[in-house]
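There are 2 protein chains.
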Amino acid sequence: MPARGQANGNTESVDNYLKAILSLGGPEGRRVISKSLAERLSVAPASVTNMLQKLAAAPSPLVEYERHRGVKLSAAGRRRALEVVRHHRLIETFLYEVLDYPIDEVHEEAERLEHFISERFEERIAAKLGHPKIDPHGHCIPTMEGHMQEHDSIRLADVVDEGTFVIDSVSDRDAGTLRQLEASGITPGARLRVRKHTALDGYSVSIGRSSKAFDLSQETARDIRILPVA
Amino acid sequence: MPARGQANGNTESVDNYLKAILSLGGPEGRRVISKSLAERLSVAPASVTNMLQKLAAAPSPLVEYERHRGVKLSAAGRRRALEVVRHHRLIETFLYEVLDYPIDEVHEEAERLEHFISERFEERIAAKLGHPKIDPHGHCIPTMEGHMQEHDSIRLADVVDEGTFVIDSVSDRDAGTLRQLEASGITPGARLRVRKHTALDGYSVSIGRSSKAFDLSQETARDIRILPVA
DNA sequence: CCTAATAATTAGGTATGCCTAAATTTGCAG
DNA sequence: CTGCAAATTTAGGCATACCTAATTATTAGG
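Those protein sequences? They're chains A and B, same order as listed. Start counting the first sequence at 2; every next residue gets the next number (our numbering). Start counting the second sequence at 2; every next residue gets the next number (our numbering).
Careful, some of the hints might be misleading.
Which copy? The list can't say, so a pair holds if one copy fits it or any two copies do.
The calculated SDA-like cross-link candidates involving lysine to any residue, where the alpha carbons are at most 20 Å apart (straight line), are [to be verified]:
hint, residue 1, residue 2
1, K134, E151
2, K129, L100
3, K129, D101
4, K73, I135
5, K55, E13
6, K129, G30
7, K129, E98
8, K197, A158
9, K55, M149
10, K36, V160
11, K129, V99
12, K134, E120
13, K20, E112
These are computed hints drawn from the structure, not numbers from a lab.
Build the full structure now, drawing on both the sequences and the hints.
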């Protein structure tokens, strides 16, 4: 298939590499090793090497890559990655708010569409939504200029003993988990009271002023990010 | 790139071949010759032969193809083609009605997105729009079951002398033309009074009860379809 | 009915992006 | 400092979908 997208050779595949590097390298833009990329993208390590070489060799490269030493995004690469993340999160918000999608279906649809929408589409849905700052999972939406100020939330899984928190965000990694969390009222903005189960390796939590308690596995607790109560 | 889409090997490219065959073969499903397809798709004739052979050789083929004798859609191919057309026209309507796109920009965006939206997306925008029967250009939207009842409109270019008509639809072939027609009030549903310019090889038209007259080239008149006044 | 023009097909190539298997390189433990 | 294991890279392939050039079919004119 001939290359798609703008002047550059930006394809769906390239977008996904950039997103993965951004996500794995964190906001500070740490070096990312090929193995992590291969895992994240469900692709053979050799394919990663291949792609990184091509990306790095391009006229205005999207990544900085040194043999055997991992990759990081160039300024241009970071810009493109943030644009794709912006698309993704705006689309999710749009599907949820305007098209009444169930929360656990927005991710998959956005994952496909994010690569193909135009600047106009981006601008129009942003306007329609009142230029939202966070998506339905609580993740912040990068600005048009490519700025993203992360919240300094922590993972519930990293809480030592107990306390009361505000839910910052919920991972969209697994649709099933997401559906369950939503059903239990564990959504961004909710107040969460937490107590650690030392025996069961998990947590007992309740929402708001409710006395109903839920058990969460350590696994699930990694998908929830929390903030101290304001 | 690995195949995208459902069980079958439906790619963007295949979709476009099917749409072109549907469009060139008309509602009756006439045989289409490779040359026309090549022109329509801006592709070399050899590429068409190649693709048709693959499509026809598939386990449940989307086309019926005989060497040197053209192609037509199989039942499955027609179903898929109509689904893509439905996507296209629903998306156009959605962009126009919900996202306030200018009329001359809806086609290009829909042309890209039509291949990537899910059944759910289709269903949700259809619901949001109240299950519309025609798109903003006046083209009818195939049903979910793959039915499309064409209007028996005629091209303005085929009008012999003069008369009054209702505008059925306007082609989305050229954005510039479309923008001009919109600006002149030549949009689906409008009443059109026509008089032929024998000398200039074109038409003089006016809209509704307005006395302002516009000249239209023969070229442009091919892009306008009309119905007798009800 | 034969030939010339037109259409279609075959043959052989390009680029993308993925794969496996066989080298390498790196880095950590002893 | 050595040597093994993990990570990475190279080499060689596959599928898609496109291309050009050369060949073969079909069809329409004379």
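Against the structure, the hints:
1. Taking the closest pair of Cα atoms, K134 and E151 come within 20 Å of each other only inside a single copy of the chain (11 Å); across copies the shortest separation is 45 Å, beyond that limit.
2. Within a single copy, K129 and L100 get their C-alpha atoms as close as 12 Å, and across copies as close as 7 Å, so both meet the 20 Å cut-off.
3. For a Cα distance limit of 20 Å, the shortest separation of K129 from D101 qualifies both inside one copy, at 14 Å, and across copies, at 10 Å.
4. Taking the closest pair of Cα atoms, K73 and I135 never come within 20 Å of each other, the shortest separation being 26 Å inside a single copy and 49 Å across copies.
5. With identical chains, the CA atoms of K55 and E13 are at most 20 Å apart within one copy only, with a shortest distance of 15 Å there and 25 Å across copies.
6. For the homomeric pair K129 and G30, neither the shortest alpha-carbon distance inside one copy (32 Å) nor that between copies (41 Å) is at most 20 Å.
7. Taking the shortest alpha-carbon separations for K129 and E98, both the intra-copy value of 10 Å and the inter-copy value of 12 Å come in at or below 20 Å.
8. Taking CA atoms no more than 20 Å apart as the test, K197 paired with A158 passes inside one copy only; the shortest distance there is 10 Å, against 77 Å between copies.
9. Neither within a single protomer nor between protomers do K55 and M149 lie at most 20 Å apart by alpha-carbon distance, with minima of 28 Å and 46 Å respectively.
10. For the homomeric pair K36 and V160, neither the shortest alpha-carbon distance inside one copy (29 Å) nor that between copies (67 Å) is at most 20 Å.
11. Taking the shortest alpha-carbon separations for K129 and V99, both the intra-copy value of 9 Å and the inter-copy value of 9 Å come in at or below 20 Å.
12. Taking identical chains as interchangeable, the C-alpha atoms of K134 and E120 lie at most 20 Å apart only when both belong to the same chain, with a minimum of 18 Å there against 28 Å between chains.
13. For the identical chains of this complex, K20 and E112 are intra-copy neighbours only, at 11 Å inside a copy versus 25 Å across copies, given an alpha-carbon limit of 20 Å.
The structure is inconsistent with the numbered hints 4, 6, 9, 10, although it conforms to all the rest.
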